[in-house]
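Below are the chains, spelled out letter by letter.
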Amino acid sequence: MAPARVSLMRRHWIVLAAAAALLVGLDTGLPHVLNAYYLTILTRIGVAVLAAVSLQLVNGFTGQFSIGHAGFMAVGAYVSAALSVYLGAGWLVALTALLPAPLARACYFPIPLVAGGLAAALAGLAVGIPALRLRGDYLAIATLGFGEIIRIAILNVDAVGGARGFSLTSAAQPAADLRYDGLGAIYAVVALSVLVIARLVYSAGGLAFRAVREDETAAESVGVATTRVKVEAFVVSSFFAGVAGALFAHSEGYVHTNSFAFLRSFEIVVFVVLGGLGSISGAILAAAVLTAAPEVLRGLGEWRMILYSLLLIVTMILRPQGLMGQREFPIGRWLGTRPRQPHAAA
Amino acid sequence: MPLLEIHGLTVRFGGLTAVSSLDFSVEAGALVALIGPNGAGKTTAFNVITGIYAPSSGSVRFDHQEIGGVSPHRICTHGIARTFQNIRLFRSLSALDNVRAALSGARRSGLLDVVRGPAWTAREQALEERARQLLTRLGLERLADAKADSLPYGEQRRLEIARALATEPRLLLLDEPAAGMNPSEKEALRSLVARLRQEFGVSIVLIDHDVAFVMNLCDRISVLDHGEKIAEGPPDAVRRDPKVIEAYLGSDAESA
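Note that the protein sequences, when read in sequence, are chains A and B. Numbering-wise, the numbering used here puts 167 at position 167 of the first sequence, and it's gapless, one number per residue. To convert, count from 1 in the second sequence and add 1000; that's the numbering used here.
It should be emphasised that the hints constitute simulated quantities derived from the structure, not laboratory data. Just so it is clear, CB atoms sit at the ideal spot from N, CA and C, and this is done for glycine as well. The hints are all genuine.
A few chain B residues that don't get close to chain A, going by computed Cβ distances all over 12 Å: (1) R1012; (2) F1013; (3) G1069; (4) A1212; (5) P1234; (6) P1235; (7) D1241; (8) I1245; (9) A1247.
Which bits of chain B does chain A cover? Going by a derived footprint, with three or more residues having C-beta under 8 Å, they are: (10) 1083 to 1093; (11) 1141 to 1149.
Using C-beta positions, here's what the derived DEER-type ranges look like: (12) A/A292 - B/R1091: 28 to 38 Å; (13) A/A18 - B/S1191: 55 to 65 Å; (14) A/I313 - B/L1016: 40 to 50 Å; (15) B/L1112 - A/H32: 34 to 44 Å; (16) A/T217 - B/A1212: 23 to 33 Å; (17) A/P330 - B/S1021: 52 to 62 Å.
Chain B with its partners taken away, still in its complex shape (with noise of 0.2 Å):
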């Protein structure tokens, strides 16, 4: 049983169909790319997973249950997580505030803590310990204190996964996490996904454009062009399927 299966996914806007009967499955543990010239309903699919849209159709369980329709706070407690393609930071709060807001224990507090008691000061020094430790393992550790919006670009996104991941999610969504970024910085991210799949035991879809970028990473690619899944398999197959050349790889297929 996946731990994500989405099936028969239609999403209409109006007379505009972004996605079309999408079957879609992510394995536990497993590093998966949706990959689709722009327009192609990637992150629309995204959108419908995380709870930002209802499907108009179709099913999404994840983890045995339904969640489409289920809103996004929802869908996040139930351990999904993402990032956004024009990054969403909480941009006046500090890099560690970003992360500390995301923590799932720091949604446990009520009226009561205004009475600061021990218990109170021992779970928020806990919970930032482990605000801490999450900027460390992203290596943002020396800018907990500055300002989400004045980080560089590429710490941004870093950033964005690190709070994304402070929701201790079992699925993780990374919307275009390369776009933008210089081959120095996308060679850097790309071993990061990686290692992320293996330290924190997350699933992993990502979006992209850029196949060179999924091909070498990813177990399976999913290839959606017009709202229509037209490919899927090991990144080889998809790379040689003729529809995927015709549709979206053209003529520089073979240089790919």
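Bound-form chain A, shown alone (with noise of 0.2 Å):
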């Protein structure tokens, strides 16, 4: 047992350093190879990715219905820009003074993600807690109602922007590029998030997630604390959506509230979906696809959503279980996850 447990850590080991490897590849190569439209698009697959994977855990492992997940974007997204616009773009400079540029960089632009994904978990425990106490249709209206809330909210506030959007730069330091659009990390948090999750979901503790998902009565009747279970979803998953909304505002440089209308709640709900209610996997794959999937299509012209749709309609119809059902990729081993299939009983 010894042994193999090693060789396990070595390979996780490799793994990484490949991994790190590959993502400063990403982050210095590609604008070489890429142009400026695929490096977007690319970005902004790794955001849908980290959205639709955060609402997995709520939607498709918990099995509450949330169509409010932008809201929780808008608030990381906001907060972790009001943080870079006035306090950040100074420690910005007074480390770049200290640290080579692409350092110094690096060692800044961790805090505001981490500090969207906490106001963003902030949001999603104060909702959460008398959100979940509501089932099915009503917990649904109920975030749908907060989502747009904090939309409404974010427009009348000047200080970022309001109906003028807020762009990341700094009057009292105009020097500071609050700008990170690098592929290679923006990758590095999506992986370490989605990792975050499917680690937390394919355990013995969080086998909690699954069993509110299949009954709650019969979860309660073993030990399981219900409300807590799916409050703790709710607040990982605001966390993880705030850091995709600190991401997207950081890769852009330039955040609207339109970007997290309902409209958008209800693409990441598409996403979950469609890649299959309880699949990482899954969620990973739908976001990836219908993100490009409007730009594959742009040759089309005005057929363009005609056929997206389309497309929707007939994956629904084709695997009603969305594309991998509550399947995963099998590299659960890997990633000390090992989620295991259930198979029909012969």
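Got two chains here, each in a separate frame; can you build the complex from them with the hints?
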């Protein structure tokens, strides 16, 4: 047993080192290979994947139906952007004076991401505690309402640009470049977040999420504190939605509440359902494909959105359980998640 | 001092009194049956003991502690587990995961577990081993990876019992475990229930309306009708009780 585990550990480090090399390579090399259009699409895929996987925790694994996810992204985006503009710009300038520029930026940018995540998690806690007492449709309506309230509230805060949108440039420190669009770093954040969610779900403790989804009464009867588990799922999910929002804000360099309207929430729900409720792999796949699809279909002109909708309808007819059902790509053992697929009894 | 002691329990739903000043107790190690016709209040009593309903009045004491109105998951940690009349498994999870989810050790996890340290690995392995042991003891080891809702009916019932036992209960409540079973399945269940009491050292209360099923199995039978306890005692005495015959057994009494 012991040698096997050692070699598993060693493999982990090899994988980690390879991933790090790949990401640094992506960060520095990709801009030479692809133009800004493709880079932007790839960035948005990263953000969409994180948004989808984080919502999967609530909708797919815990079985609650939240359709206000863009609201939490908005909290993360705006809080991180405001932090960067009003405080972070100074820190970044100070750090750059001490360290080489790339290192200084690498040290700074995790700060707004975590701050955005924490702010969204706090919002998730505030919304989750009352809203998760509701079930099904009522929870959906409550989360929808929250998403809209956040959007309208931000729209009326002048310090973050109100209806003009909010540009990530600091008046006090015009030299500080607050945009961060290194693809390698963005994907590293997304990958790490997805890994955390996957490990949270695929463990004996994480079974509580799925137990709540399957049958709340039965889950309670075996000692699962269902309300607490639901709030936990909601808070963790909001945290990563906030990180996704912060990534979005800093990669685009500009945020506007229109990016977080109901349609955005709805899009994330589509990723999750189309990918397969209860599959992290499915959420990744659907988020990537459906973010790229409108661009790939751009050549079709005005037929584009019709084809996009048809794609959704046909997929749901052919695979009502979603692309992946509740399955995962077979890389679980590697990532320390070991999801086991149940099969039908013979 | 009995393990479970219910005193003057009344449960009202609006104008309907489902259970009316019920006294009921279970000694440690006992195997007792709660029988009665449909709508007698048996399941309601279970639902109060397991915290799904709060009592309208009266007290429910388990191991010296009042548990009336306590939330279900807390009651589970006190040491009461149950099965459901209409099977409630985690349907799309494997049999193994159904049991794993119920293990009390699985609750002791936190956010830090996302760092898969050696302690996590050891605990996870111990939990899986324990879950497999339970499946084996209930004869389900070959079905560990099968999806719960794909199991045959009898196995689903057994899996629900395995899941309840995973919480390490001192009192196990079985709500009509024999419902829908044929005579040979019932016979197997009867020996299983007797075995559970000995091997796991749990006290068991089981609900049924089939008198023959509980007759040779239980130490004591309580009979409910219209929310009230109309008889209680050893099986033979209960079977001969004229009130029971009138309210419940009817003309079948002689053949039962």
